[in-house]
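*Asks:* What follows is each chain in one-letter form.
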Amino acid sequence: MNDEGRFGQYGGSFIPEILYSSQQQLLKAYREAMADTSFVQLVKSEMQHFSGRPTPLTYCANLTQKIGGAQIYLKREDLNHSGAHKMNNVIGQGLLAKRMGKTRVIAETGAGQHGVASALVAARLGLECVVYMGAHDIERQYPNVFWMKQLGATVVPVSTGAATLKDALDEALRDWSSSYEDTHYLIGTSCGCAPYPEMVAGFQSVIGEEVKEQSMQQFAKHPDRIYACVGGGSNACGIFLPFVDTQTELVGVEAGGRSDAPGEHAMRFNTDQARFGIAQGFATRFLQDDEGQLQPTHSISAGLDYVGVSPILADLEEQGKVRMTSANDIEVIEAFKLLTRHEGIIPALESSHAVAGGLKEAATMSPDEYLVINISGRGDKDIFNIAKALHDEPFTEFLHSYLKEGAAQ
Amino acid sequence: MNKLASFIQKQRQNKPLLMMTHVVYGYPSIEESLDIMQLMLEKGVEILEVQFPFSDPVADGPTITTACHHALKHQPKLAQCLKDIKQLAQRYPQSRVLLMSYLNPLLQSGFESLALQMGDDVIGIIIPDLPIDHHSMLVPLPENGVSPIWLITPDMQQERIKTVIKHAQGMLYCVSRSGVTGQQAPIRDDTKAQDIQSYLDTIKKFTSLPLAVGFGINTASDISSLKGHADVAIVGSALLNAFNKGGLDAVAEKLQELQP
Numbered sequence: 001m002n003d004e005g006r007f008g009q010y011g012g013s014f015i016p017e018i019l020y021s022s023q024q025q026l027l028k029a030y031r032e033a034m035a036d037t038s039f040v041q042l043v044k045s046e047m048q049h050f051s052g053r054p055t056p057l058t059y060c061a062n063l064t065q066k067i068g069g070a071q072i073y074l075k076r077e078d079l080n081h082s083g084a085h086k087m088n089n090v091i092g093q094g095l096l097a098k099r100m101g102k103t104r105v106i107a108e109t110g111a112g113q114h115g116v117a118s119a120l121v122a123a124r125l126g127l128e129c130v131v132y133m134g135a136h137d138i139e140r141q142y143p144n145v146f147w148m149k150q151l152g153a154t155v156v157p158v159s160t161g162a163a164t165l166k167d168a169l170d171e172a173l174r175d176w177s178s179s180y181e182d183t184h185y186l187i188g189t190s191c192g193c194a195p196y197p198e199m200v201a202g203f204q205s206v207i208g209e210e211v212k213e214q215s216m217q218q219f220a221k222h223p224d225r226i227y228a229c230v231g232g233g234s235n236a237c238g239i240f241l242p243f244v245d246t247q248t249e250l251v252g253v254e255a256g257g258r259s260d261a262p263g264e265h266a267m268r269f270n271t272d273q274a275r276f277g278i279a280q281g282f283a284t285r286f287l288q289d290d291e292g293q294l295q296p297t298h299s300i301s302a303g304l305d306y307v308g309v310s311p312i313l314a315d316l317e318e319q320g321k322v323r324m325t326s327a328n329d330i331e332v333i334e335a336f337k338l339l340t341r342h343e344g345i346i347p348a349l350e351s352s353h354a355v356a357g358g359l360k361e362a363a364t365m366s367p368d369e370y371l372v373i374n375i376s377g378r379g380d381k382d383i384f385n386i387a388k389a390l391h392d393e394p395f396t397e398f399l400h401s402y403l404k405e406g407a408a409q
Numbered sequence: 410m411n412k413l414a415s416f417i418q419k420q421r422q423n424k425p426l427l428m429m430t431h432v433v434y435g436y437p438s439i440e441e442s443l444d445i446m447q448l449m450l451e452k453g454v455e456i457l458e459v460q461f462p463f464s465d466p467v468a469d470g471p472t473i474t475t476a477c478h479h480a481l482k483h484q485p486k487l488a489q490c491l492k493d494i495k496q497l498a499q500r501y502p503q504s505r506v507l508l509m510s511y512l513n514p515l516l517q518s519g520f521e522s523l524a525l526q527m528g529d530d531v532i533g534i535i536i537p538d539l540p541i542d543h544h545s546m547l548v549p550l551p552e553n554g555v556s557p558i559w560l561i562t563p564d565m566q567q568e569r570i571k572t573v574i575k576h577a578q579g580m581l582y583c584v585s586r587s588g589v590t591g592q593q594a595p596i597r598d599d600t601k602a603q604d605i606q607s608y609l610d611t612i613k614k615f616t617s618l619p620l621a622v623g624f625g626i627n628t629a630s631d632i633s634s635l636k637g638h639a640d641v642a643i644v645g646s647a648l649l650n651a652f653n654k655g656g657l658d659a660v661a662e663k664l665q666e667l668q669p
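Going line by line, the protein sequences match chains A and B.
With this note's numbering applied, the first sequence corresponds to residues 1 to 409, in that order.
With this note's numbering applied, the second sequence corresponds to residues 410 to 669, in that order.
Note that these hints are calculated values from the structure, not bench results.
Mixed in with the good hints there might be a few duds.
[Claimed, not checked] If you want a taste of the chain A side facing chain B, the calculated C-beta under 8 Å gives, among others: (1) 18; (2) 177; (3) 277.
In this text, a Cβ means the ideal position worked out from N, Cα and C, and glycines have one as well.
Given only the sequences and the hints, what does the whole structure look like? Please build it.
*Replies:* In C-alpha cells form, the structure reads like this:
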C-alpha cells in the first residue's frame, strides 16, 4: 500500500495508470527541489521581486470600533501581483516545471484567478500555457479570459458536465494523460493526487509564516483566531498550516450560497449532502448523491464553487483542529460593503466570505482578543457580479453604451 | 481456474481474436442501452463491457464522457444496472459480461455487497481510477469469484508490470497508448503497429494471462494487426460513434466490419 500523500483517511493517489510515471517523476522532483536550498531561495526571491511579498497585516481601526469586539486585522493577499494568493503557488510550481525541463504547463481554473496567475508565470518563465475553463465560468468571468489571452495563454472552454471547475479539472487530467512527457499539470488548489495537496499548501504556507512574524511585531502575540474562505482550500491551508497545534483557533468559511438545498451552495462540511468519496485523483469530502455522482454547486463567487475540498482540511476538520462555518450570498455582499466603506479595501467575493465569518464572531469576542481575516484576493475582478448584486443601474447603462459604441465603429 | 481466463482460452482454441465491446448503461436511455447490449450479444460478441456512468470520468475521451453525462440525466442506479446486465448474461450464456465504472459509484455499496450483487453472472470488473497500489481494497471481489481486471500501459516499468501481474486475474487490459479513450487509432502506420506488437510480446514474457487491448481501436486493420499478439480486441468509442451516427443498424454494420 502506498501511503504517500495520505492525510488521515483523505488524500492519496487515485489516478489512471497512464499518469503513474509522471506522478512519480513529479514527487521525486518536488522532494529534491525542496531539499535544495538554492531552489527554495529562488522561490522566495521570485515571491518578493515578482509578486511583492511580504504582504502587509493591516489593522482595521474603524471596523474594530464599529463592531466593538475583537481587534480586527487583515492579511493582505490581495496585494500580490495578479491580485490574489494564487501567485504564491504558481511561482513555486512554475519554477519546479522549469527545473524538471518541462516546456508546457496546463492549468484548470474556476474564477480565472489561477488561470491568470499561471499565464503570468508562464510568460515570465517562457513556458507554453494552456488553461482549461468551464464554458459556464468563461461566460461569468470573461475579463480574466481576456487577460489570459493577452498573456499568450490558450484558453480551452470545457462544455462537458456542468461546464464549471470540476469539469475543467477532469479535462486538464485528460490532457496530462497524453502530454506528460513535456507538460507539467499546474494544479491551482491543494487538491488532486499526491504531491499536489502538500505541494500547493506548502508554497502557500508563506502566508501563515508571515502572519506569525507580523502578529508578534504588531501586537506581541499570535492571533486568537484566523478566518479564511474555503473553496478548494489553498488560501486556508496557506494561512492555517503554520498555526496547527498552537493556541490559535482556525476557522474556515465555506460558500453558503442561496440556500441549503442541493445544488444551491458549495458546503462540504456540516451537511449530509457531502461525505467521504474518491474522485479526481484523491479522497476527500465530496458533495454527492446516493449513487456517488458528484453534485452541482453554487456560490456567488466562482472561486469557492468546488465540489470537493483539500484533503488536508478534511482531515484537520475531522481531528477538530479546524472549525468550519459558512456565509451565504447575502451575508457576503453585506460583508463586502462593510469592508469597502469602512476600511477602503475592496475584497474579492471569495474573501468576503471570510470577512462575513470573521465579523459575525468578532462581536462576541473581547477587545483583548485578536483576529486575522485572510483577504485572499482583491475584488476588482468581481466588478460585473457585484454591480449586478447591488442592482447598480448606471453600470448596465454603461455596458449598453459601450456595446453601442463598439457596434458603431 | 479463473472463470474469465478459462473462457477466453477455450474460445481462442478456434478463434484468432475475440471481441470485447463497450456500452454505457443509460445512454441514450436505459432501455436503448440494453437494446445495444442485446444486439451485440446477439451478434456473438464474446465479452461485453458495461460502463456504469460517473459524473467525472477522467480516463474517458469526449465520446464516452458525453454519453456518461447524458446517461446521468436518467438517474441510473447501480443495483438496477447489475440486475439488468445479469439477466442479459443469463440469456446469452455463450458470452461473458463485465462491469466497468469509476471508484466513487462503486464505493457507495462497498465491495463486499458489490461482489454479492455481481454474483456468478458479472464475472469481472474494470476500475480505471484505481491504481494497483490499492489492490487490497478489492479483496472481497475475487473471494466471490469476480476478477478485478488491471491495466497495463505502454511506458510502464518492468517492476510495476510484475506487481500488476502478481495480483492480476482473468485477463490484463493493455492500454495501447497514452491519453484517454476514443482518440485516433494508434495502429495506423506500420511502425506503430510494430510498437504495439512488441509491447504486447514483452508483456507475454511475464505472464500467461490473456491479453486484451483497448483505446483507439476502430478499424478492421487495427484489429487484424492484433492477431497473433493479443487475445481480445476492445472496441468502445468506435461503436458509440457508430450508434450516434446511425443507431442500432450502424452498430450492427460496424460490428460486421470489425469482425476478426
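*Asks:* Now, for every hint given, state plainly whether the structure supports it.
*Replies:* Taking the hints in turn, this is what the structure says about them:
1. 18: With a closest approach of 5 Å, the residue 18/A hint holds.
2. 177: 5 Å, holds
3. 277: Holds. Min distance 5 Å.
Violated hints are absent here; each numbered hint is respected by the structure.
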